[in-house]
Structure formats: structure tokens, C-alpha cells
Amino acid sequence: MGRLIIVSNRVPAPRERNQPAGGLAVGLKDALRQGDALWFGWSGRQVPEMSGDPTPAIDRVGNVTYATIDLTTAQHTGFYQNFSNGILWPLFHYRVGLMNYSRLDWEMYLSVNAMFARTLRPLLRPDDTIWIHDYHLFPLGQALRDLGVKCRIGFFLHIPFPPWSLVRALPGAELLLEDMQAYDLVGVQTPEDAENLNHALRMNNMAERAQAFPIGIDPVEFRTQAEASMKGTEVSRLRDSLRGAALVLGVDRLDYSKGLPERFKGYEALLTRYPEHRGKVTFLQVAPISRGNVEEYRQLRCQLDELTGRINGAYSEFDWTPIRYITRPISRDVLAGFYRMADVALITPLRDGMNLVAKEYIAAQDPADPGVLILSHFAGAAPELDEAVLVNPYDTDEIADALHQALTMQRPERQTRWTALEKEVCRTTAVSWANDFLRALDGAPVSVSS
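In terms of this note's numbering, the sequence shown is residues 11 to 460.
Hints in this document: simulated from the structure, not taken from any laboratory.
Heads up, the beta-carbon is just placed ideally off N, CA and C, and yes, glycines get one too.
Don't take every hint at face value.
Stated by the list, open to error - Label-pair distances were calculated between CB atoms; the ranges are:
no., residue 1, residue 2, range
1, S341, E188, 24 to 34 angstroms
2, A217, G182, 46 to 56 angstroms
3, R437, G54, 33 to 43 angstroms
4, A217, D452, 29 to 39 angstroms
Claimed, not checked - Straight-line distance between alpha carbons at most 30 angstroms, and here's what the computed BS3-like set of lysine-lysine pairs gives:
no., residue 1, residue 2
5, K275, K290
6, K241, K39
7, K39, K433
8, K241, K433
9, K160, K39
10, K290, K241
Given the sequences, and given the hints that come with them, work out the whole structure.
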């Protein structure tokens, strides 16, 4: 049996290689246990310049070899910041107006993917199975095929894939679709994403490659973590500080795709239209800063700072503050306890690939007295979690109505909804996601590019 080769833009930090803390590492944990494996990607380090291709740094932990390479400052800027996150990220989250295209960045994106391929190629064996992850590395499969790699290669896109009418706004979009013909299988999060991608391929007279494989979590592990966290000092401090008020919780990266201004305004509408909740509910939003050097993200933070100040100024009492807003990260084990004690989770992205916070909230609940999940229709998790209170995140009054419904929902209805949601979270897990994709890749027709 050949090795599993994982390729992603970032590789887990050394401290996370024995005990993954979240994200892709958790999803792949079981798959990586099956035999020898290699995980290849960027180290996270930048160097001023390099002569020639980098030499991978090798670290072995158990049966997994980690091979990482550095990027130059120019490569990081063009490939990662400008093209991957400045063009592909907004476009694939349906925000075409935020794209800032430069042909130089496009050329750097292709150049870095070709460099990834040249650096990975000597580490490969003929019977390996290669699994490439996310939008940073769309062209990598074709770059490997150009170097003569015949292994099975699969690709998984963790963010949404929008309709071709939007994607074609990207100069060279059809070239990315051509590169995707090198993959034996392309996985996406939802049936809608699969249809969008396959339609784009059909429109360009290319073979369909996409299938939906919704990613999940380890619900048993997260439930155990939440139960343990309830005994911690952080949860006790939060509970004491609420003084009996209900807790509405939001947890997101500080990103324009998460619908945070609309969410804050929806909570403000609750206080305006349902004044009986004033003084009896607190909204805690945890939004760690990401890409803080990008102008759009600085503007978003300023907007949220202003909204928080305005809402708190208008509605606070001397012994109650409506919104608590934190831009520092909180550890996953502490958040697990916050999820369990929260009466409502308010998760309202404008567009999201999946949103595992929604699934973590369900896994963390006490079956005897579960909270209520309010979820955007536009989260990738929404088709699976249809027993949540679903909202249009652009409608602040609908958010307010959903919050009132959740805060006044009786225990029997909360339990009925949670039971259905928990069943779904346990059905589609991180383990089943990886196993289903790899099984489908093993059975997929070999790409003609092979």
C-alpha cells in the first residue's frame, strides 16, 4: 500500500503535530494513522531571497514525515497575500468588487505552484496517493503532471465555489479550470459548490470532476473537551460575570465573509424591537484579527469598533453592557466550554465553505438543556443542519426575530431540534469526510492528464 501525501499551503506547527488543535490537522488525523504519510507545504517562514528552489526541512513524528519549505518575501506577497487572499478569497466568497487583480501576482501564483511541484517531486514514489488542499494550490496538480507524476491526485476546496458567471470575472479563470483537469477527483463542501464547479467545466467543454464531501468534526472528542472545560476557571468567570443573563455567542475570524456588521446590527434590532430582553441577555463576539495589514480588514475592524461603541453607548446600564467584543484568540478548549454554556450561538456568515463552529456548538451541548443554533442560509453547513433557526444574514430584522425566538424557545423544542442536529453532526465527521474522499479518489477514473 502506498503512502498518503498531503499538500497544503500551511503545515501544522511542530507543537501541533502530536496533538492537533483544529482545522485540517483534525480532519486528517485518522487518515494519517493508516500507514506511512508525508505532509508537504509552506513552513510559515519568509526569507529575503533565495538562489534556486528551497530544500525542504524534514521532521518525522510517528509515521508522518513533515516536509516544509520557506517562501521569499516577494513570493509570499504575490502568491499568498495578493493573489490567493486578495483575489481568490473575495471572488470565491462572492465579493467580486473586492478583487484587486494584477498580472504580476497571477504570474507569481503560477510560479510558486510550479516551485512547490519541483520541490515535492523528488520526495514522491510511484504508488503514492496525493491529496492537495485549497485555493492556494489550484494549479499544483497540473504542475506535477508536467513533471511526469503518474500517481492518483485528488484536490479538495475548503471554500465555496461560486457560479461561472462570477468566476469568469477572474482573468485566466479558464486556465485554472484547465489545470483542474489534472486531478482524478475534486472535492467540495456542498452539492451547490459541486454543481457550480461542474457547470463551469461544462461551459468550457471540460470533463466534470467535482463531488460534494462535507467536512465534519470529531464530535465525541469535542463533547469531552466541552464537559471538561465547564470545570475550568474561565467558564466560571464568564458565568459569574453574566449574573444570570442569557449568553449569545459568536465565534469567527475577523473577516468580511462572516457578516459581523450585519450580525451586530441584528442584535441591536433585538434590543430595539424586543426591549424585554434588555439587561437579560449579553452578546459575546470572539473575532480574532486576521490579515490585519490588509486595508479591507482594517476598515472592518474600525466598523465593528464603532458599532460596538454605539450600541453599548445607546443601551448600556450602569450594571449591564449589551455587547462584549474580543479580537484576541481564545484557546479551543476554553471555547468548548463557552459553547456549552451559551444559550444561543449566532453564526451568520454572508458566505462560508462549511463553518465548523456550528457543528462544534451542537457537539458541545448538554442534552438535558441544549442551546439554540441560529445559522445563516449561506453557511455550507446549513443544508445539513436544517433544524437550526435559519436566517438571511442580510436581514437584520430577521436576525432579531430569530434571536427572540431562540431566547424564548422552550426546552422541549430545543431538545427536539438539538437531537436532530446532533445526529447529523455525528453522521458526517472528520473521519468519515477523509475516508469518503480517499475511497472515492481510489475508485475514480484516472485523469487523462496522468
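(request) Please flag the earlier hints that this structure goes against, numbers listed from lowest up. (result) 1, 2 and 4
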